[in-house]
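Visitor: Based on the hints, put chains B and C in the right spot on chain A.
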Amino acid sequence: MTRPFLSIRAVRKTFGGFVAVHDVTIDVPKGEFLTFLGPSGSGKSTTLYAIAGFQDPTSGDVLLEDKSLLAVPSHKRNIGMVFQRYTLFPHLSVAENVAFPLRVRRRPDSEVKRKVADMLALVRLDSFADRYPGALSGGQQQRVALARALAYDPPILLMDEPLSALDKKLRQEIQAEIRRIHRETGVTILYVTHDQEEALHLSDRIALFRSGRIAQIGTGEDLYLRPENEFVAGFIGNSNFLPAEHLETQNGTAVVRLADGSIVKGVKATHKLDRGQKARLMVRPEAFRLTPVPGNASLAVEIIDAAFFGDRRRVVARTASGEEIDLRPTSDAAEPDGTAAASSRQIFFDPASAFLFPA
Amino acid sequence: MTGSAFRRQSFAGLPADSGGALPALALVGLFFIVPVVALLLRSVTDPEPGLQNYAALFGSGTYVRVFLNTFLVAAVVTFVTIVVAFPVAWMLAIMPPALGSIVFGIIILSMWTNLLTRTYAWMVLLQRTGVINRALMGIGIIHEPLPLINNLTGVTIGMVYIMLPFMILPLVGTLRAIDPMTLRAAALCGAGPLQAFRRILLPLSLPGIAAGGLMVFVMSLGYFVTPALLGGTSNMMLAEMIAQTVQSLLNWGLGSAAAFVLLAVTMALYAIQLRLVGARRLAGGL
Amino acid sequence: MLLDYDRLGWLRAALAGFTALVAAFLLLPVVFIILLSFGSSRWLAFPPPGWTLKWYQELLADPAWIDAALTSARIAAMAAVLAVLIGLLASFSLVRGEFRGRQLLRGLLLTPMVLPVVVFAIAIYAFFLRIGLAGTTTGFVIAHTILALPFAIIPIATALEGFDKSIEDAAIVCGASPLQARLQITLPSIRIGIFSAAIFSFLASWDEVVVAIFMASPTLQTLPVKIWGSLRADLSPVVAAASSLLVGLTLCLMIVTALLRRKLSR
Numbered sequence: 001m002t003r004p005f006l007s008i009r010a011v012r013k014t015f016g017g018f019v020a021v022h023d024v025t026i027d028v029p030k031g032e033f034l035t036f037l038g039p040s041g042s043g044k045s046t047t048l049y050a051i052a053g054f055q056d057p058t059s060g061d062v063l064l065e066d067k068s069l070l071a072v073p074s075h076k077r078n079i080g081m082v083f084q085r086y087t088l089f090p091h092l093s094v095a096e097n098v099a100f101p102l103r104v105r106r107r108p109d110s111e112v113k114r115k116v117a118d119m120l121a122l123v124r125l126d127s128f129a130d131r132y133p134g135a136l137s138g139g140q141q142q143r144v145a146l147a148r149a150l151a152y153d154p155p156i157l158l159m160d161e162p163l164s165a166l167d168k169k170l171r172q173e174i175q176a177e178i179r180r181i182h183r184e185t186g187v188t189i190l191y192v193t194h195d196q197e198e199a200l201h202l203s204d205r206i207a208l209f210r211s212g213r214i215a216q217i218g219t220g221e222d223l224y225l226r227p228e229n230e231f232v233a234g235f236i237g238n239s240n241f242l243p244a245e246h247l248e249t250q251n252g253t254a255v256v257r258l259a260d261g262s263i264v265k266g267v268k269a270t271h272k273l274d275r276g277q278k279a280r281l282m283v284r285p286e287a288f289r290l291t292p293v294p295g296n297a298s299l300a301v302e303i304i305d306a307a308f309f310g311d312r313r314r315v316v317a318r319t320a321s322g323e324e325i326d327l328r329p330t331s332d333a334a335e336p337d338g339t340a341a342a343s344s345r346q347i348f349f350d351p352a353s354a355f356l357f358p359a
Numbered sequence: 001m002t003g004s005a006f007r008r009q010s011f012a013g014l015p016a017d018s019g020g021a022l023p024a025l026a027l028v029g030l031f032f033i034v035p036v037v038a039l040l041l042r043s044v045t046d047p048e049p050g051l052q053n054y055a056a057l058f059g060s061g062t063y064v065r066v067f068l069n070t071f072l073v074a075a076v077v078t079f080v081t082i083v084v085a086f087p088v089a090w091m092l093a094i095m096p097p098a099l100g101s102i103v104f105g106i107i108i109l110s111m112w113t114n115l116l117t118r119t120y121a122w123m124v125l126l127q128r129t130g131v132i133n134r135a136l137m138g139i140g141i142i143h144e145p146l147p148l149i150n151n152l153t154g155v156t157i158g159m160v161y162i163m164l165p166f167m168i169l170p171l172v173g174t175l176r177a178i179d180p181m182t183l184r185a186a187a188l189c190g191a192g193p194l195q196a197f198r199r200i201l202l203p204l205s206l207p208g209i210a211a212g213g214l215m216v217f218v219m220s221l222g223y224f225v226t227p228a229l230l231g232g233t234s235n236m237m238l239a240e241m242i243a244q245t246v247q248s249l250l251n252w253g254l255g256s257a258a259a260f261v262l263l264a265v266t267m268a269l270y271a272i273q274l275r276l277v278g279a280r281r282l283a284g285g286l
Numbered sequence: 001m002l003l004d005y006d007r008l009g010w011l012r013a014a015l016a017g018f019t020a021l022v023a024a025f026l027l028l029p030v031v032f033i034i035l036l037s038f039g040s041s042r043w044l045a046f047p048p049p050g051w052t053l054k055w056y057q058e059l060l061a062d063p064a065w066i067d068a069a070l071t072s073a074r075i076a077a078m079a080a081v082l083a084v085l086i087g088l089l090a091s092f093s094l095v096r097g098e099f100r101g102r103q104l105l106r107g108l109l110l111t112p113m114v115l116p117v118v119v120f121a122i123a124i125y126a127f128f129l130r131i132g133l134a135g136t137t138t139g140f141v142i143a144h145t146i147l148a149l150p151f152a153i154i155p156i157a158t159a160l161e162g163f164d165k166s167i168e169d170a171a172i173v174c175g176a177s178p179l180q181a182r183l184q185i186t187l188p189s190i191r192i193g194i195f196s197a198a199i200f201s202f203l204a205s206w207d208e209v210v211v212a213i214f215m216a217s218p219t220l221q222t223l224p225v226k227i228w229g230s231l232r233a234d235l236s237p238v239v240a241a242a243s244s245l246l247v248g249l250t251l252c253l254m255i256v257t258a259l260l261r262r263k264l265s266r
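Protein chains in written order, with full-length UniProt numbering: chain A, 1 to 359; chain B, 1 to 286; chain C, 1 to 266.
In isolation and in its complexed conformation, chain A is listed as follows (with noise of 0.2 Å):
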């Protein structure tokens, strides 16, 4: 593997006795788009602060091709960052704020109107040069201040949860807006989320966080198909997890007893499990259906609740053994409908999809 571009090497961070984040270790390549998506207080915040400068980790480095960025002041990182709350210096128009880092650079005057030309017209805001941040809505406010951030081509840019006061149609938009903006500029983005469609929607890669580590990092696909652990299968996409004993593995593949004493050929075996260990399913919603398929396992469940949602039902059910567990299947034509309330039926899906955690 070539150098890294950005390298974040064992950063720790504590706050008296609590550890913040615990050794997080991070390789990003130029030009990646990068999401760091968590519960709140999962680290990932604090970790976009240590390289932003604005928290000096207690221990661990960060690299920005090869050199450490520890020593250097926040100022003189050149470093882009768009931040939670709206953040454009309110006595400035739009075209001022813009070129304030160009300013503070001291930059000939006829590069600073050029390129705050070329930025506001990068963010589609080129009519607005003139208007004050209060005349602004939210999403607009959010596009100037990513327009400040480029201003100065920073080789990363940081955004810590840009979307997050915006409504829901606003950001499906605004992240369109963002996607293109990384396409066109090339530069590297670390992207600090909750919300994980929105990771899945705009990254390369996404690195997990939980309690101050990293759960997994990889795609929005091996996060999706192939969760590490219990907690990423369960933070990502919906889940259902059935408490089973592992009676075997052979070739790759495990067999389980569910806890109605069914018996589960054909899962696919991630982690080494002893015989007769605990351990959880965990099916996806979706991956259940109504009606059988060769090969595919089999749960007897009564009905409680069953609702039509267009593309797909959602179903709740509830196990012999008393789990409650939620259904999406597709509501196409090959699978009947037969979800009355109250009734008990079979539902079925395939092992190969479904993952075995240690209890």
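Calculated from the structure, these hints are not laboratory results. Any given hint could turn out to be false.
[Claimed, not checked] Derived DEER-like restraints, expressed as beta-carbon distance ranges:
| # | chain 1 | residue 1 | chain 2 | residue 2 | range |
| --- | --- | --- | --- | --- | --- |
| 1 | A | Lys67 | C | Ala73 | 37 to 47 Å |
| 2 | C | Arg100 | B | Gly105 | 42 to 52 Å |
| 3 | B | Ser234 | C | Ala233 | 41 to 51 Å |
| 4 | B | Pro96 | C | Arg261 | 39 to 49 Å |
[Said to hold, decoys possible] EDC-like cross-link-like pairs, simulated, lysine to aspartate or glutamate; straight-line CA separation at most 20 Å:
| # | chain 1 | residue 1 | chain 2 | residue 2 |
| --- | --- | --- | --- | --- |
| 5 | C | Lys263 | A | Asp153 |
| 6 | A | Lys67 | A | Asp153 |
| 7 | A | Lys113 | A | Asp126 |
| 8 | A | Lys268 | A | Glu286 |
| 9 | C | Lys54 | C | Asp164 |
| 10 | A | Lys268 | A | Glu230 |
| 11 | C | Lys165 | A | Asp56 |
| 12 | C | Lys263 | A | Asp130 |
| 13 | A | Lys113 | A | Asp130 |
Because the structure is a prediction, the values reported are computed rather than measured. Ideal Cβ placement from N, Cα and C applies to all residues, glycine included.
Guide: Quick look at chains B and C alone, frame taken from chain A:
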């Protein structure tokens, strides 16, 4: 995590952030704390160590009368101010802003006008041959001029005039913070205007009334200028007595003791005030 | 419905009438003084037998009045500048500082506003007598700066609390040094607070009577001291003329403030 950790260790923390208060602290410490403490010490050391100044203060009928009179004036002023301010604040809280801004303008104008100017106006208006007496006699309500100045009436009118803005402005805030829906709900529950006022509006605005009233009371206790100019010699107030004791009688020990009494009462009431509204809102009332 | 303007019924008329009365009460002395200052009666008869400008002529011809006004302006300007500078530094510390006793410090710095002025007046007077600052401009400025300080700190601290610190941080990420960020971004953003602080602290000194009465010497008198002296002597119409000019000044200040606020808050 996001906001708090960030602020705690924000990198823009110039030394000025922690040390910035030093000049203010030095100024206030040297020229406020030191002189005031020195004054308090003087009350137990001048002319000789002991509590004789306090004994003289509380042992003499004259001075006790000054204390009582001070409390009486402050209480009367506070009561009248509340009664007059409440309806005005009520109206201001709900009236259309265009109309309300005229009233606000008048309140601000009166508040910002030089204190002596306002007091002077009342001296002229209230004097024996002043406009008010002439007008009242002119329409035949009275035949003799009323004694309106150099007595409790004069002080009350002048002080209420000065204190009104300090009561109205915070009360408007309190009343505006009450959701009109609660009163609509009260009406739907069957409460008539009087009951709605007594059971809903008044209790909800009570914190504002208490806070504003306490502030007016504390300010009135230590007021000097207006009582000195509009009051009479028979109902002198504490602040004027302190000034006279020091300035005319040159009795620093006694003056200091009286000053300490005023300071102690004020600070005690101020502490209650802080409990009631919190330093932030008290300061925000400006 | 007691808080619905449109549904008050007869109560609305009663409240409106009362409010109008109180507004008139508040306006009465101000208007009265202005009318009186143009009246020709030396004994302040009202309505005046005739109209004249002679009280203004008398006022402006008297160097003692002019001196007092200039002294007041000089002291108030110095006290306001000092109070705003010291208050600005203190506000950053009070709002953003992280140290124990911050609330206590806030209380301490605001105490001069709630302590009866007469107590401070005799205390500082005694202190200045001892260290030789009584009756000096320096002494005046120091005492008035202390009284003005709360009036400077409150609006500045309030403005600073309303200013999102992330904006300053954003400026620093953009490449501004912490000092640059503060000067170019934070200060302009809280300028309304700073401006209010300047006005309030100027007025706090300009209108201050009690400390001034003690501190004044025959050669150093502020305008309020001069008015106080005249009031104690007689109710000369010259005072009405001086007072009218003060009301005019207040009106100007109010208008300038309103205009500047509107312009700045855009």
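Visitor: Please go over all the hints and tell whether each is borne out by the structure.
Guide: Cross-check of the supplied hints:
no. : hint                              : result
1   : A/Lys67 <-> C/Ala73: 37 to 47 Å   : violated (58 Å)
2   : C/Arg100 <-> B/Gly105: 42 to 52 Å : holds (44 Å)
3   : B/Ser234 <-> C/Ala233: 41 to 51 Å : violated (22 Å)
4   : B/Pro96 <-> C/Arg261: 39 to 49 Å  : violated (21 Å)
5   : C/Lys263 <-> A/Asp153             : violated (35 Å)
6   : A/Lys67 <-> A/Asp153              : holds (18 Å)
7   : A/Lys113 <-> A/Asp126             : holds (12 Å)
8   : A/Lys268 <-> A/Glu286             : holds (18 Å)
9   : C/Lys54 <-> C/Asp164              : violated (56 Å)
10  : A/Lys268 <-> A/Glu230             : holds (14 Å)
11  : C/Lys165 <-> A/Asp56              : holds (19 Å)
12  : C/Lys263 <-> A/Asp130             : holds (16 Å)
13  : A/Lys113 <-> A/Asp130             : holds (13 Å)
Going down the numbered hints, you'll see the structure goes against 1, 3, 4, 5 and 9, while the others check out.
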